[in-house]
Amino acid sequence: MIEALNISKAFGEHLVLNDVSFRFETGKCNLIIGQSGSGKTVLMKCLVGLFEIDSGNVMYDERVFSRMSFDEMKVIRQELGMLFQGGALFDSMTVEENIVFPLSMFTSQSSEQKRDRANFCLSRVNLENVNKLYPSELSGGMKKRVAIARAIAMNPKYLFCDEPNSGLDPLTAIVIDNLISEITQEYNITTVINTHDMNSVIEIGDKIAYIHKGKLWWDGNKDSILHSDNPELNDFVFATELTRKLKQI
Amino acid sequence: MIRGFLFHIGRYTLLLRQVFKKPEKQSIYIRKILVEMDNLGLDSVGIVAFISTFMGAVLCIQMAFNIDTPFIPLYTIGFVTRQSVVLEFSPTIISLILAGKVGSRVASELGTMRVTEQIDAIEIIGINPATYLIFPKIVACVLINPILIILSMIMAILGGWLAGIFTGLVPTSEYVFGIKAFFDSYDIFYALVKTVVNAFLIVSISGYHGFYTQGGALEVGASSTKGVVHSSIAIIVFNLILTQLLLA
Ligand SMILES: Nc1ncnc2c1ncn2[C@@H]1O[C@H](COP(=O)(O)OP(=O)(O)O)[C@@H](O)[C@H]1O
Ligand SMILES: [Mg+2]
Chain A
1 MIEALNISKA FGEHLVLNDV SFRFETGKCN LIIGQSGSGK TVLMKCLVGL
51 FEIDSGNVMY DERVFSRMSF DEMKVIRQEL GMLFQGGALF DSMTVEENIV
101 FPLSMFTSQS SEQKRDRANF CLSRVNLENV NKLYPSELSG GMKKRVAIAR
151 AIAMNPKYLF CDEPNSGLDP LTAIVIDNLI SEITQEYNIT TVINTHDMNS
201 VIEIGDKIAY IHKGKLWWDG NKDSILHSDN PELNDFVFAT ELTRKLKQI
Chain B
1001 MIRGFLFHIG RYTLLLRQVF KKPEKQSIYI RKILVEMDNL GLDSVGIVAF
1051 ISTFMGAVLC IQMAFNIDTP FIPLYTIGFV TRQSVVLEFS PTIISLILAG
1101 KVGSRVASEL GTMRVTEQID AIEIIGINPA TYLIFPKIVA CVLINPILII
1151 LSMIMAILGG WLAGIFTGLV PTSEYVFGIK AFFDSYDIFY ALVKTVVNAF
1201 LIVSISGYHG FYTQGGALEV GASSTKGVVH SSIAIIVFNL ILTQLLLA
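Chain order of the listed sequences is A and B. According to the numbering used here, the residues represented by the first sequence are 1 to 249, in order. According to the numbering used here, the residues represented by the second sequence are 1001 to 1248, in order.
With the rest of the complex left out, here is chain B:
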């Protein structure tokens, strides 16, 4: 168990060193990064917006029902919704959703390429397959995930606002006042640092599992699962570490 863990950490580190070797031809990489941004990022806009809106609405309603004394002002609902969304829900929970979506896609794409010898075919031409395949995906996600997470924050806050109006629990003026109250831009910085780290973890870990797939179609499925599970665990662990480092 421990030996297995150390083996994976070692091989993962070596793979990352390969990934960040100098790319062969930069124009090709720029095009690949754009394609991956489309594949891995734009493709997730819908699901991120959908989940965020509903979660924002639920957060708002839960807060509203928990505040039943008149001593706590109603704008607290807006404030707490914003803080939960910015600090934890968008950067961590949405990253976990993306670990499922992006991670399984990356791992199964690379795994399929491995078992059908497409990775060998790249290497045989004299191209470093780790750089060629994984580097553009990492860069694409590191660039596009912050945009997705900002979108998620906006949609969640909007969702909360809509829920407040439709249930009649929070009037717009109170909600908006709460959203603006005690705003600290450092929170956004903290959220974006987490997002970027999570993006890196998702692509590199699921890429690692895909890249070293051995066998056939069944093993591609197994790699995909491992990619999702291990990147989710890494996200949770790094969430704690980064929170301690950045907020404490």
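Just chain A, same shape as in the assembly:
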């Protein structure tokens, strides 16, 4: 479980997050939704400590993360995996080297053990025979899968995914969503997902935070989101003709 307690974050004059509190549950897909530029990525980066928060606290299972030094954070960082929006695979490394990178840095496993782990993680995301390829040789969907494989290489307790299915076709997008959801349940991970894709929301939204104007504007789950009377949320949820028609049914 991860808790955001009264988080605020500004860049200069621009207040991006204004007193946001939310609890991200273990074994569930916790979604952060909102329009482009609403601060989803900033919130996620505050949670993992890539941005320093101006006020508030971030708790990882009762451990106060937000006031830790870099070295103290290391302990928690080895328990978390993150999937970045563009994949953020290391260009200079092969797929296998990307996946075992954290293992190489923090464990003294043999190359066989690391290869086994890489193959296991790759099979978990339904990829094979890509070990020796470089990221530039992969398609968008494959990059995301490799990035997921890297994120789960260290058996994380916490998994962060920033727009895991942006830039993918709808079919691949659903596959990636379901993959993350399965992994979350299988290993009982606390998963936090940024998305603005309503398909994902309906598919995997166990718990949902809607961010609007820097505030936590609404929270609920994939069932309650369709029946809310919050006007801004409804503008977001029923933004397309298709969803408006569905609502009438």
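Honestly, the hints are just simulated from the structure, not real lab data. Small disclaimer: the values here were computed from a predicted structure and weren't measured. Here a beta-carbon is modelled for each residue, glycine too, at the ideal position from N, C-alpha and C. Each statement offered as a hint is correct.
Below, computed lysine to aspartate or glutamate pairings styled on EDC-like, alpha-carbon distance capped at 16 Å:
(1) A:K74 to B:D1120
(2) A:K132 to A:E97
(3) A:K143 to A:D91
(4) A:K222 to A:E25
(5) A:K157 to A:E62
(6) B:K1032 to A:D91
(7) B:K1021 to A:D71
(8) A:K74 to B:E1024
(9) A:K213 to A:D235
(10) B:K1022 to A:D71
(11) B:K1032 to A:E97
(12) A:K157 to A:E3
Here are the computed distance ranges between Cβ atoms for each label pair:
(13) B:P1023 to A:D91: 20 to 26 Å
(14) B:R1003 to A:N129: 53 to 59 Å
(15) B:E1024 to A:P170: 37 to 43 Å
(16) A:G37 to B:L1143: 44 to 50 Å
(17) A:N129 to B:A1222: 37 to 43 Å
(18) A:M105 to B:I1165: 52 to 58 Å
(19) B:I1047 to A:M105: 33 to 39 Å
(20) A:E79 to B:F1020: 23 to 29 Å
(21) B:F1020 to A:G37: 33 to 39 Å
(22) A:E241 to B:E1024: 48 to 54 Å
(23) B:F1054 to A:Q35: 55 to 61 Å
Model the placement of chain B with the ligands on the given structure of chain A, informed by the hints.
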């Protein structure tokens, strides 16, 4: 302007403190240093040798044409060519060339890693990205640039010799006598100190600009330019300071 300068100096100093933190796993760093020596050093051998040979030849010919009285012995040409090459041309001018080549490479590599979130991905694993990315590059250049500069000196002196023979302006015996004349090994020490300082400036300054890139592909290009320009300026300024300190 002044505030901007102080901001950069402050952030640069803080970054350097991060860079020289104790590395996580030494075996990995040794391998990375070797890879960077290959990327940043061996890759420049060709251009350094090429430029040095031609500049040595030009220095020699210019000297020869400027000496038109019989009172100045011909071996002076060899002597002056050597002194110019060792004291200034190789350590400073070749460092400026390397600032262009190595600096733009370092800044754009780090800048790309920053805007594609690869630096975040390193940090999130619990690795200090400044140490992991910049430290091996600094060590690699500090080790390999002196070798490049020595190579440059040799090639420039050879270039001068070839020019002397082919133009018929300086006979080999005079040139070689001049090259050996009044040799002071302190000059080499002075040149190598400058080289090492320049190597450090090039990688740390262009690394700094790459590391703090914000935005996208356009900003990566801008960082790369800033890296080259600012490290070149630093090289010129430190050239004056070190010359005053070491030769005066
Ligand atoms: N490093 C930064 N410096 C300044 N402003 C930033 C930075 N990162 C994000 N922002 C601003 O914060 C706001 C939210 O951005 P972001 O979290 O990326 O949105 P999204 O919800 O699409 O992920 C944007 O207005 C953006 O300009
Ligand atoms: Mg975003």
